[in-house]
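The chain contents come next:
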Amino acid sequence: MKNWIKVASAAAIGIALSASAANAAWEKVVIATEGAYPPFNMVDENGKLIGFDVDFANKLCETAKIECEIVAQDWDGMIPGLLAKKYDAIIAQMSITEERKRSIDFSDYYSNTPAVFVGKDGMSIEAYKDGEVVEDALDGLVVGVQRSTTHANFLEDNFPSVEIRMYGTQDEALLDLTAGRVDATLADSGTLEDWLKSDEGKGYGFVSNQFAPSEWFGDGAGIGIRKEDQDLKEIFNKALAEMLENGSYAELNKKYFPTINLHPN
Amino acid sequence: MFEDLIYVLGKYDTWLWRGFLLTMELLVISVTFGTILAIPLAVARVSKKVWVQAVPFAFIYVFRGTPLIGQLFMMYYGVGQLISNIDGIQDHWSWVYLRNPYWYCLLTFVLNTSAYVAEIMRGGIQNVPSGELEAARACGMTPWTTYRRIIFPRMWQMIWPAYTNDVIFTLKATSLASTVTMMELTGAARKIVARTALPYEAFISAGVIYLIIVYTLTFGFKGMERYLRRNERRKDKHSANTKALPT
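Chains A and B supply the protein sequences, listed in that same order. Position one of the first sequence corresponds to residue -5 (the working numbering), numbered consecutively onward. Position one of the second sequence corresponds to residue 3 (the working numbering), numbered consecutively onward.
Bear in mind the hints are in silico, worked out from the structure with no lab data behind them. One should not assume that every hint holds.
To be verified - Distance condition first, Cα-Cα at most 27 Å in a straight line; then the derived BS3-like pairs of lysine-lysine:
hint, chain 1, residue 1, chain 2, residue 2
1, A, K80, A, K227
2, A, K221, A, K80
3, A, K53, A, K221
4, A, K59, A, K248
5, A, K221, B, K13
6, A, K95, B, K13
Treat the numbers as computed from the prediction; the structure is a model and nothing was measured.
Start from the sequences, fold in the hints, and give me the full structure.
In structure tokens form, the structure reads like this:
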């Protein structure tokens, strides 16, 4: 049965077969990002992928001296696509969690930004305080969140009676926030800060403290890879360590987030 | 594979169940109201007066000619956004309903279904044999009576298989509701994939539920078809009997 499925999935994406054969020695690595999580990863007006994750991936490959191609992939299909060998690595702010580790493996973490609620100025949400979840903090609110994220899991696990709306992308959740159809949204502080600076973000702000309990949010974002590709993991970890040492990581960090330290320790 | 399937079904059965209920709810309401709305549309559509025909024609053309997901986004993000910009609307009592994606979804599905069903009905109405209409007129029936006693019963008889098809089509169209945060069956499956990274197990579970729904629907509609065609069956039996008679 398992074999049958393997054959079927391989046939369904015939290109993947040839791609993975060529990548056996990691001369060329295909990296997937989402392209809808500014400023980490997004698409410019020419349809080109840009953002911190894209620059980071390029720099990483340059440091590791491997050729890389970066492709866009919907967030929902990120892990299934990796397992189906449509690409070899995920660099898309994917948090390293125990749940995801059941199916894929991660490099060392390459960035870490806490979660935060955004809502209308003047609002105040205390959902996580002194290492404890405040269970009634969201009562009566409608909260928007991106589907399949650590933020969605955090809300669903801890606030079962609250109305939670799940969106395909964070942009859609923010669109409904400005339309007043959700009262607040929970996401990564990095991406939300970027939005608050834009015109649409006027009148909105951080309405909670920043938090990242590792039970739900893992230990930062890592590069997602297939479990069997331990050699690729080594390559990435070595290149990452080199980037952190020679200052090229700090440079990237400063370019996108002058006030946030993406790699605290 | 099978352990994983049992794991998914055991742990996330309530998600699938709630998804199933929402899917059925969307289907039943869309089809019911879509069909009711389709009747006047179809009648106007077969009118010989151009100005009566024009409105349903345009409506049907737009809703059949554009992708459903586009209509859903137009309704939810487009119309929804416009409504939210009205001064003071967010403090009005109706805002509880106007902010809810459920109503936008339902409205889109009802309108879309009605466009398709109206076009099917138009075909049915136009195919009623002209002899029967002449006979009705000869008996002195008013147009309303003709519709009630001749055209509609004949139309339902003829369009039933196509109508069945359209109901099944609508069932699958409801899966798009998950794009505007409604967690119906497909949405539930996606959520399970997000949690477990087991795409086969989650989508196979949802797929089997869809198949069961379709099977039940087809079964019920077949029975209805037999009922609608009961007079024809009697005729067939009669002709069969005459053939069987020794010559």
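Status of the hints after comparison with the structure:
1. A/K80 x A/K227: holds (17 Å)
2. A/K221 x A/K80: holds (15 Å)
3. A/K53 x A/K221: holds (23 Å)
4. A/K59 x A/K248: holds (24 Å)
5. A/K221 x B/K13: Within the cut-off at roughly 25 Å; holds.
6. A/K95 x B/K13: Given pair A/K95, B/K13 holds - Cα atoms ~19 Å apart, limit 27 Å.
The earlier numbered hints are all upheld by this structure, with none contradicted.
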